[in-house]
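Since chain A is already given, all that's left is putting chain B with the ligands on it; use the hints.
Residue numbers (our numbering), protein chains in the order written: chain A, -17 to 242; chain B, 923 to 1280.
Worth flagging that the hints you see were computed from the coordinates, not collected in a lab. Note that beta-carbon positions come from the ideal geometry of N, C-alpha and C, so glycine has one too. It cannot be assumed that every hint is accurate.
Label-pair restraints from in silico Cβ distances [to be verified]:
hint: 1; chain 1: A; residue 1: Arg71; chain 2: B; residue 2: Asp989; range: 31 to 39 Å
hint: 2; chain 1: A; residue 1: Pro58; chain 2: B; residue 2: Gln1104; range: 36 to 44 Å
hint: 3; chain 1: B; residue 1: Pro1029; chain 2: A; residue 2: Gly155; range: 17 to 25 Å
hint: 4; chain 1: B; residue 1: Ser937; chain 2: A; residue 2: Arg137; range: 15 to 23 Å
hint: 5; chain 1: A; residue 1: Arg137; chain 2: B; residue 2: Asp1166; range: 48 to 56 Å
hint: 6; chain 1: B; residue 1: Leu1209; chain 2: A; residue 2: Arg137; range: 55 to 63 Å
hint: 7; chain 1: B; residue 1: Arg1269; chain 2: A; residue 2: Arg137; range: 46 to 54 Å
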Amino acid sequence: MRKFNVWAWFIFLVGVLYFFIPLFSVFEFSMRMLKGRYTFEAYRVAFSDPAFYEHFGFSLLWAAITLVVSLLLVVPTAYWVHWRLPKIRPAVEFVTLMPFVVPAVVLVFGLIRLYGSPPLTLTTTPILLIAGYVVLSLPYMYRAVDTGLRAIDVRTLTEAALSMGAGWGTILGRVIFPNLRTAILSGVFLTFAIVMGEFTFASLLVWPAFGPYMEEIGAMRAYTPQALSVVSFLLTWASIGLLQWVGRGTAAESQVAGAR
Amino acid sequence: MAYLTINGVGKTFGSQHWAVRDFNLEIERGELVSFLGPSGCGKTTTLRMVAGFETPTTGTIVVDGEDITNQPPNQRNVGMVFQSYALFPNMTVADNVGFGMMVAHKPKDEIQKRVSELLDIIHMAGFGNRFPHQLSGGQQQRVALARALALSPRVLLLDEPLSALDAKIRVSLRAEIRSIQQQLGITAIYVTHDQEEALSLSDRVVVMNAGRMEQVGAPFEIYNFPTTEFVAQFVGTLNTVSADVVDPKEGILRLEGQQIQTLESLDGVKANDKVLTAIRPERISFLADGEKANLMEGVIQSITFLGSIVRIQFQVGNAEFHMDTFNNPQLDLPKIGDKVQVTFSRRAVLVLTSGGTA
Ligand SMILES: Nc1ncnc2c1ncn2[C@@H]1O[C@H](COP(=O)(O)OP(=O)(O)OP(=O)(O)O)[C@@H](O)[C@H]1O
Ligand SMILES: [Mg+2]
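Same shape as in the complex, but just chain A:
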């Protein structure tokens, strides 16, 4: 038993080092903008660039829109598949995996070819970008919601609500959605993280998003991009922490409900 523990700790330590040394180096490097001493100068510079706010704000807005569209698309679809069409679940699952099968570059070139010229010119509108982001979010969003739906007995709960006179709005809003809160949140945070850092779509469709901005800064400057990486790491962790915190109450409940 003791030997096992030693090894476990050893491997854990190696993992921690593997993960944290680069992160620490980045952090350390980002502090060395001024010669001879550690300062947060790089952070000050990064945050004082008006372009940073412009691009970050842009991505934030599109991330929010993507989330709304994605949720409106995925939650009712996944619910309906569970309740009425369980047989087509594998097919739907496969479709949501498209972004893993078709690389973003291929997808975006396809979109540009199809919608870049009349009769339907959409490249000048953000529709393609949103559409692309929604597709990118599908595997995460659908999986998260699907897992949440599996944990509750969708069919029986729906029928129970129906027998008490509830309509679809009430069922989705009062019964299904509240029981999917944790699942939906994890989908939301994952989608958010992906959209905020997305490069291919934004760059090729020429939108001023945060991903291309990071890329540009990285090519031109030495210290600020490191500072920005550290910041995005912290943002991600904050999201995960928030997720844990929000999900803490419901996890036990949905487990009990799922264990029936």
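Then chain B with the ligands, alone, in the frame of chain A:
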């Protein structure tokens, strides 16, 4: 006219196979009818058609003079209790019970009043603020019952509500369900594959097999006078033996070389035909002096204690029989291999219609 009429109802799922076929039943107001049958015989499908979750392929369903065959489930005002309880995990007990009234936009104080009334009925007055996962299975099912009763449904439907519970609670809860149903005078259909449950709490039992109704009747009739071999076999234990007809008019049969007699004369058979007979184990007893009934001689094979009763297996010719006798310390049991004489009344001999001449 009956309160609930199920008229010629049948259901296929896509293909040729009929899950339910030619189902005809009239249920009176305040009656509790149970559907009893083996797995896959169509009990749930029939119940779901009454609830509106499935649409009948043929036939009509009428409640209180209103044809509800094609009415959506959320307009039927039918209460439903599921095997898996199906309480809403995100709501408290009180909110679960009050859900239907909330949907119907009833005023808050009215909901509160009704909820506490119902919690009293199910003996869970102090539990309003608990969440479902903080309750035992039996408590959850009682809450589900209260929830289904909240809107005073026209019909209460229960689909194997006790199957997920352990034996002790099953027995006490079924008595409670029955007493609440009678107290409120509610019309109910109760689906189960447990014959004891069906027999103990129903006004009438519908025995189903392979999508068809086999027999409808009061528990006493179903148990004592099964009309088909399936019902006889499915409800209770039974000795079934084929016998040769000796005298149809007198109801005399020859069974493994021994003559026995039925109470009534046999229709539709003639001498030397083969019929299937059935005798319940508890109708057979050891011969005591002065009895004038059917007699059989057999050899004891095994004796099994089942608590309050003792089951004795014996052989007559090539046929095996079981008999049940009440356990008591003075019981003078034979030993294995003993030759014994047993007796049973003429009334105990059932001649089954289906498979009779096989
Ligand atoms: N949605 C469905 N699609 C296809 N076939 C179905 C469906 N629901 C039920 N069946 C079939 O209909 C038949 C009757 O099923 P039903 O669920 O009514 O049986 P049951 O008597 O309730 O059995 P159990 O005691 O196992 O619950 C079965 O053969 C079943 O496979
Ligand atoms: Mg069933």
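Here is what the structure says about each hint:
no. : hint                              : verdict
1   : A/Arg71 to B/Asp989: 31 to 39 Å   : holds (36 Å)
2   : A/Pro58 to B/Gln1104: 36 to 44 Å  : holds (43 Å)
3   : B/Pro1029 to A/Gly155: 17 to 25 Å : holds (21 Å)
4   : B/Ser937 to A/Arg137: 15 to 23 Å  : holds (22 Å)
5   : A/Arg137 to B/Asp1166: 48 to 56 Å : holds (54 Å)
6   : B/Leu1209 to A/Arg137: 55 to 63 Å : holds (58 Å)
7   : B/Arg1269 to A/Arg137: 46 to 54 Å : holds (48 Å)
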